[in-house]
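2 protein chains.
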Amino acid sequence: MTRNRRITLAKRPVGQVTPDCFATDEVELPTPGPGEVLVKVGWLSIDPTIRGWMAMDTYLPAIEIGAPIRSGGLGEVIESNNDAYPVGSTLFGMTGWQEYAVMGAGSNVIPDGIDPTAALSVFGVTGLTAYFGLLDVGRPVAGETVLVSGAAGATGSVVGQIARIKGCRVVGIAGSDEKCAWLVDELGFDAAINYRTEHVGKAIRAACPTGVDVFFDNVGGDILEAGIANLALRGRIVLCGAIATYNDDAPRPGPSNLSLLITQRGRMEGFIILDYMGRANEAIAELAGWVMGGDLKFAVDVVDGLDNAPTALDRLFTGANQGKVIVRL
Amino acid sequence: MTRNRRITLAKRPVGQVTPDCFATDEVELPTPGPGEVLVKVGWLSIDPTIRGWMAMDTYLPAIEIGAPIRSGGLGEVIESNNDAYPVGSTLFGMTGWQEYAVMGAGSNVIPDGIDPTAALSVFGVTGLTAYFGLLDVGRPVAGETVLVSGAAGATGSVVGQIARIKGCRVVGIAGSDEKCAWLVDELGFDAAINYRTEHVGKAIRAACPTGVDVFFDNVGGDILEAGIANLALRGRIVLCGAIATYNDDAPRPGPSNLSLLITQRGRMEGFIILDYMGRANEAIAELAGWVMGGDLKFAVDVVDGLDNAPTALDRLFTGANQGKVIVRL
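Quick mapping for you: the protein sequence lines, in order, are chains P and F. Just so we're aligned, residue 4 is where the first sequence starts under the numbering used here, counting upward by one. Just so we're aligned, residue 4 is where the second sequence starts under the numbering used here, counting upward by one.
Hints listed in this document are in silico derivations from the structure and should not be mistaken for laboratory results. Note that the coordinates shown come from a computational prediction; the quantities given were computed from them, not determined experimentally. Where is the CB? At the ideal position from N, CA and C, for every residue including glycine. Some clues are possibly wrong.
Claimed, not checked - Covered stretches of chain F, as calculated for chain P (at least 3 residues, CB under 8 angstroms): (1) 237-245; (2) 250-256; (3) 268-275.
To be verified - FRET-style restraints, in silico, Cβ to Cβ: (4) Asn85(F) <-> Asp225(P): 50 to 60 angstroms; (5) Asn284(F) <-> Gly191(P): 45 to 55 angstroms; (6) Asp252(F) <-> Thr314(P): 45 to 55 angstroms; (7) Ala288(P) <-> Met295(F): 47 to 57 angstroms.
What the hints assert, rightly or not - Taking beta-carbon pairs under 10 angstroms as the criterion, some of the chain F residues facing chain P (in silico): (8) Thr61; (9) Leu227; (10) Glu228.
Working from the sequences, and respecting the hints, build out all of it.
In structure tokens:
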């Protein structure tokens with residue numbers, strides 16, 4: 004009899020996520036109720052926000068101890084009580100880190116012809132985050148300078164390319180010379196800064212001589228401070244995430260130069276992509292056009308095996324990944 | 004022969020503004036050029052931003068060593084080369100800390116019937132700062148909760164009253180029980196917090212049970228952090244000033260909880276009132292209506308004598324003032 008293997012939350016992380024935060028178990032297959040379906044999970048979306056869900060209540064309640072790790076994922080319907088989700092179709096939703104999941108009305112059918120890696124990256128939450136965060140919150144104008152941190156990551160790499168498509172000068176910050184070369188040579192960034200080897204503040208100043216009009220920040224911490232220090236008049240800072248700080252075991256002080264937001268008439272604004280899901284199709288249509296036209300490239304960093312999901316999550320925090328981290332079951 | 008007594012910048016402040024930052028001198032009366040007028044200065048507007056101008060380049064160049072302290076003020080025209088500014092009229096402009104000043108095309112005539120204290124406070128830069136900062140940047144909606152720091156100051160006291168007029172619940176933060184009583188009993192605030200005797204974070208939570216929709220912050224530092232901690236979903240923080248930090252001799256770390264801007268979809272935005280001067284009449288018309296109707300009160304803290312201008316400036320930083328600090332020459 005088939006059992007459902009799961010990776011569950013054993014304890015909440017304090018500081019760095021350690022292997023003992025996770026446990027594995029095998030339970031009976033869940034049974035879909037009315038309107039629900041049972042899926043065999045094929046792919047998992049590995050996102051920095053999972054660290055937050057493991058630790059505490061944020062914009063969603065914390066994962067319960069003993070429950071499977073909450074995670075987006077793709078699954079193939081193998082048993083259906085819902086005509087909208089026939090057996091054989093592929094759904095995106097919150098599958099969690101497990102082999103089988105029950106999914107319900109909030110799931111999205113992935114159309115035939117869309118590769119799972121694209122569905123989980125450029126056409127998934129990552130692509131939508133880049134699209135709405137940059138265009139709706141940052142509101143860049145052609146000719147402006149856009150700075151992106153975490154630029155070789157799943158979101159940052161798409162942000163920079165959209166900014167380029169919209170006619171902006173684009174500067175990325177990433178953690179290796181290889182990533183920087185990829186940003187400039189493959190993705191069309193105008194410049195890239197290696198934060199591990201360069202003085203970030205000086206490098207931003209050199210790469211953005213007229214200042215930063217839009218700073219899309221995935222990182223927080225010192226890099227956020229360096230971005231604020233180089234803000235152009237009426238610059239906007241899009242707070243997408245703060246991966247540099249997620250593993251802190253105590254709150255760290257924020258940027259010491261917030262008063263520059265006053266003198267520069269700056270705006271700093273956070274957002275959560277869940278608020279934009281009702282407008283997803285609008286974004287996906289435009290993203291698909293860019294992908295088809297060859298203007299927008301996406302990279303994936305695939306890790307094989309459910310049991311390696313914790314390792315895959317760790318790649319985000321060490322910066323090992325280039326593009327979207329995905330687990331293939 | 005009449006001489007022009009001035010208070011000049013002797014050295015730039017490091018940390019607290021000390022008496023040796025100032026010098027006095029007497030020079031020949033300046034001569035107005037074509038289009039200019041000579042005024043006898045009657046009143047000075049004492050504002051926290053003067054501390055910044057003394058120290059360094061900000062949104063305006065730093066005051067030069069040996070030059071009179073830059074300051075708004077009112078003067079009566081005693082010699083005119085400009086028909087728009089006849090002898091006997093009262094002008095508002097950057098008089099500086101001196102007995103006589105040459106003023107030019109950028110000056111504003113104060114209409115007859117407007118008291119100098121009103122012209123320098125509720126109808127001056129202070130009132131405009133409150134008006135545009137709250138309504139244009141903070142954008143409160145009737146029924147929302149507005150929190151104001153530095154609430155008994157010139158700007159904060161007007162901000163809170165405008166918010167009340169616009170149908171908001173208003174909570175002020177000030178530095179004495181007497182000021183708090185004044186905010187509630189005289190100005191119609193719904194609640195007031197004494198930051199010297201109360202735990203500000205807990206007091207905000209108690210006074211704003213549904214969170215803070217708009218936080219108009221004049222103070223910065225720990226009070227800014229406490230406001231962020233209580234931000235409602237889609238809350239806005241208007242950065243008007245950071246008087247708590249102006250006397251720091253080194254940059255102090257910022258709020259450790261900026262990631263709440265992400266989870267709460269918050270916006271933090273700075274502004275400089277100079278950008279709104281073209282729309283001043285729009286604000287003054289509405290402010291005048293409220294003053295005439297008895298809905299909007301203003302308080303002034305008058306210090307007599309040019310030589311006491313440094314003492315008057317100090318009142319802002321010790322929090323001795325209630326309302327707008329003005330020097331009467």
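Here is how each hint holds up against the structure:
Judged by the Cβ-Cβ criterion of 8 angstroms, the stretch 237-245 of chain F is covered by chain P as claimed, because 4 of its residues qualify and three suffice. Under the rule that three or more residues need a Cβ within less than 8 angstroms of chain P, the assignment of the stretch 250-256 of chain F holds, with 3 such residues. Check result for the stretch 268-275 of chain F against chain P: holds, 8 residues qualifying (beta carbon to beta carbon below 8 angstroms, three or more required). Look at Asn85(F) against Asp225(P): about 52 angstroms separates their beta carbons, and that is inside 50 to 60 angstroms.
Under the hint 45 to 55 angstroms, the C-beta atoms of Asn284(F) and Gly191(P), about 48 angstroms apart, fit the expected range. For Asp252(F) and Thr314(P), the Cβ-Cβ distance of about 47 angstroms falls inside the hinted range of 45 to 55 angstroms, so the restraint holds. Checked against the given bound of 47 to 57 angstroms, the beta carbons of Ala288(P) and Met295(F), roughly 55 angstroms apart, stay inside it. Using the Cβ-Cβ criterion of 10 angstroms, the hint placing Thr61(F) at the interface with chain P is satisfied: the shortest such distance is roughly 5 angstroms.
For Leu227(F), the shortest C-beta to C-beta distance to chain P is roughly 8 angstroms, which falls under 10 angstroms, so the interface hint holds. Residue-level restraint check for Glu228(F) holds (minimum Cβ-Cβ distance to chain P is 8 angstroms; threshold 10 angstroms).
Going down the numbered hints, you'll see the structure goes against none, and every one checks out.
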